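Novice: Residue numbers (our numbering), protein chains in the order written: chain A, 66 to 225; chain B, 3 to 182; chain C, 321 to 981.
Keep in mind the hints are simulated off the structure, nothing from the lab.
There could be a bad hint or two in this list.
What the hints assert, rightly or not - Computed cross-link-like contacts, BS3-like style, restricted to lysine-lysine with a CA-CA straight-line distance of at most 25 Å:
1) A:K211 to C:K732
2) C:K793 to C:K845
3) C:K702 to B:K39
4) B:K175 to B:K104
5) C:K860 to A:K89
6) A:K135 to C:K842
7) C:K702 to A:K106
8) B:K129 to A:K135
9) B:K97 to B:K175
10) B:K106 to B:K175
11) A:K208 to A:K135
12) A:K135 to B:K97
13) B:K129 to A:K106
14) A:K106 to C:K845
15) C:K842 to B:K129
16) C:K885 to C:K860
17) A:K106 to A:K141
18) B:K89 to A:K141
19) B:K106 to B:K129
20) B:K106 to B:K174
21) A:K211 to C:K734
22) A:K103 to C:K702
23) C:K734 to A:K208
24) A:K106 to A:K135
25) B:K92 to A:K141
26) A:K141 to A:K89
27) B:K106 to A:K89
28) A:K89 to B:K129
29) A:K141 to A:K103
30) A:K103 to A:K135
Quick caveat, the model's predicted, so the values are computed rather than measured.
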Amino acid sequence: MRVLILAAFLFALTLDANAIGVDKDRLADPQQEARAFKIMKQLRCLVCQNESIAVSDASLAEDLRAIVRKQVRAGKPDAEIIAFMTSRYGDWVLLKPPLRPGTVILWFGPLILLVIGGFMVFRFVRQRPETAIARPLDADEKKRLKKILGEKNEQEGNMP
Amino acid sequence: MLIRRFLPLLIFIGLFVAFMVGLTLNPREIPSARIGKPVPDFSLPPLEGDGVGLSTADMTDGDNIIIVNFFASWCGPCRLEHPSLMKLAKLDGVKLYGISYKDKPENSLSFLKTLGNPYVRVGMDLKGRNAIDWGVTGTPETFVVKNGIIRYQHIGPIYDVQVGELFLPLVKKLRQEGPS
Amino acid sequence: MIAELGHFSLVLALGLAVLQVIVPMVGAARDDGRMMMLARPAAYGQFLFCLLAFLALTYCYIISDFSVAVVARNSHSLKPLLYKISGVWGNHEGSILLWVTFLALYGALVAFFGRNLPRSLQARVLAVQAIIGVGFYLFMLLTSNPFERLANVPFEGNGMNPLLQDPGLAFHPPFLYLGYVGLSVAFSFAIAALIEGRVDPAWARWVRPWTLLAWLFLTIGITLGSWWAYYELGWGGWWGWDPVENASFMPWLAATALLHSAIVVEKRNSLKSWTVLLAIVAFSFSLLGTFIVRSGIITSVHAFATDPKRGMFILLFLGLVIGGSFLLFALRSDRLQAGGLFAPVSRESGLVINNLFLSVAAAVVLYGTLHPLLSDALFGVKSSVGAPFFNLVFGFLMIPVVMMMGLGVHFKWKRADIRGISQRLAAITGLSLLAVLMTLYVAYGGSLMPAIWVGIALWLLLSMFQELGHRIKLFRVPFGDSLRRLMRQPRSSWGMSLGHIGFAIALIGIVVTSSWNLEVQKVVKIGESLTIGDHTVTLKDVIPVAGPNYSAVRGIVTVTAKDGKSYIAYPESRTYVSSPMTTTEGDVATTLTGDLFIVIGEAQGLDQWGMRVYYKPMQVWLWIGAAIMVLGGFISLSDRRYRIGTPGKATGIIKDARHAH
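Isolated chain A (complex conformation):
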């Protein structure tokens, strides 16, 4: 077990021990560079924690950036560049997972929740006037009510 942990640690080290570099192959055409950057932001730096290759100093990320730039320069469409990556690394490389049977909940869950929740809120808000029944006040409560109304009227409507 100890060996495993040590190994994991060393493994992480070899991947992360990298310095702050500057890409030398940036595309001269700002529009092309912007397109490349947009694609890079979609791709996971596979050896980092949830980072895109656009902002990672890992050397693999650097290599992948170079590939993206090369293909953008060659005029390849976005979809083809993305396909190049997924054929090698699978959907794992995409930070925005594509719609697949396994990601249905991810993509449609929010909508389903909103519909169900919206329905519940609608019923909650609509039903109230019919169901709530007020009990008449007794004398003591009336007295306290008067007092409260007197001092609280000003604050009504100003709650944070």
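With chain A held as given, fit chains B and C onto it using these hints.
Specialist: Showing chains B and C alone in chain A's frame:
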């Protein structure tokens, strides 16, 4: 109404069970995008000046099972898995090839000289471009290939246990399949 | 010796916590006053011993006692004192100890400030608080003992990750933990209320300040973390939807929702079971955040396998606490009868609708964070969910949230007059639409979404000022009267206005800095320049610098703006002694219109250096906005009516009756 009150509990139980199932499934193979696909087209220069490099043609070898290991002298875990690789190379019907990843040739050479050379041959991937075609994310990584088709991808170091419990049965199984 | 003392204190704290669970709980069930009375001294004692344990560990760090395993693993004798102390919580064991110390602190605070709570309620709240404590003490003592000694004492410690050696990050975890743990109070109140079968406006009034306090600390903690990422990581990014960040964001979203739903309980004695549920969910998010991220299982299922004992304990504890709470909720929440009424268009409805959107947003973050893990565990498919997904889905969800914020504040309680409000908002809506068009014109060729967001954020800001103006009858009564009205606003109203205005300002910053930032990367020789936007940046020289536990290169860079103004920047790149790692200390020149962020990288051959320069327009608005939100929170917290421990006099029945006629 009753369901509504139990809903949070049910959702939580669902998540909880999913966690439990997931954790007990361990260990298992993580299918990679490359498994079942042919090896990439490649041709790498040799490590030694006079030797022969490594190319796609080497990935088909009759009944033999090809194992390709990405390594580098600067990678700690590679050092850690090295003794196990020596054992892996001795398995029946296995040809172990090495690909030195982003490493200076002289460093790779002295690495193999000191620790022993388990590889039949070594190709050099100086810039790491070839590794990307394999879907490699870092060293060490190991592929099991038969007839030019990738059958298994191992991420991270290989230990003795895995040589015996993972690679040996896999190699046996693949060899039984015949040359197809 | 000191370490053993700490260990012993921890055991004593556990003992007191067990006592604090059993005796008051039984006492409350039997209506035995003397048994219930035990809760308070037990809470004080538990805090005392837990604090003692924490101080003992801190002492071990300060004197660099490497015979203690965690100190050896995580500290270094050369570290500055500040980072020796912050190192206490910079690792698994220490952070859990800090967590539980805060838990005990909140327990003691509830014991102190809650003296005029109903006796049985306080006893039960403290007992529930102690249940969580027992779990944590056991977790530490059984699986993660911070006081474990090493048989072979090393000569020097392993050091701390240099990235963590930053004041922003030194104080980020304590604030975050104060927030996480603060939510335990709302949770304990919720569980106690379920046991008692009673939630009323007074309950909400007790719960709100504690939730507000937790929310405040969470806001501070998250902002500090984000600020640290911005300054320290050298990419100019401040939010990456990383699992660790998400883990702090989920409780924040839930706490925000809880803060608002509790208002409906307090005002209208309604929405009770939802509020109780939110209190449970918010703290569950805290636990999830603490454990799952700490144990590393979010990043990989396999990390779990490295220490199965810890993993199993965590899972069982989460299962018991969260599952148990939801079961209790399922069984008891029918007792929480709905109370007062309000029209479909009213402040209450607005709060309910916003609660819906906030909850869905929290669910999105939760599922997005867990999806890779579930996908890997269930289908064996490795999957990533990152910034592009969250930005898209969360971004869409935020539109109705922000619109509802700006609209809802104009709604009157019980029944709102839509026509009046739309007339009132016509002018600012027109102004915001104009801003959208102008943005499109100025940033010609850009995408539509940023422009729309500029409009929405501006609209929210204007709407908040409009509401304040309406409240003080600006321009409808003499100006002096308006001013007097402004001064007489209760502090909770100030809190509301500032909180929302702060949010709007932060939102403007977020939208602008993420949509229009500039970035230039170049390898420059000494004497060479690059231009970014209106600035010319010239590398004059690079000099070596020695720090206490690092060596660095420092760039001397002149920056000249178009208008001729110039300054000298000193970006640094540090390499630490104890770990082969480089960190950047970028030079950031902040103005209201934008930050110029200069990072110097590694040497690229003789006298050539990699430089990255970012221009982050209106970045500082994000920090200012967050600061205003926090200020608003503190002002609201100081309101007489919300002062912690001041029990509300009004009961639900009276309030209901008032609204019925």
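Novice: List, from low to high, the hint numbers that the structure doesn't satisfy.
Specialist: 2, 4, 10, 11, 12, 14, 18, 20, 25
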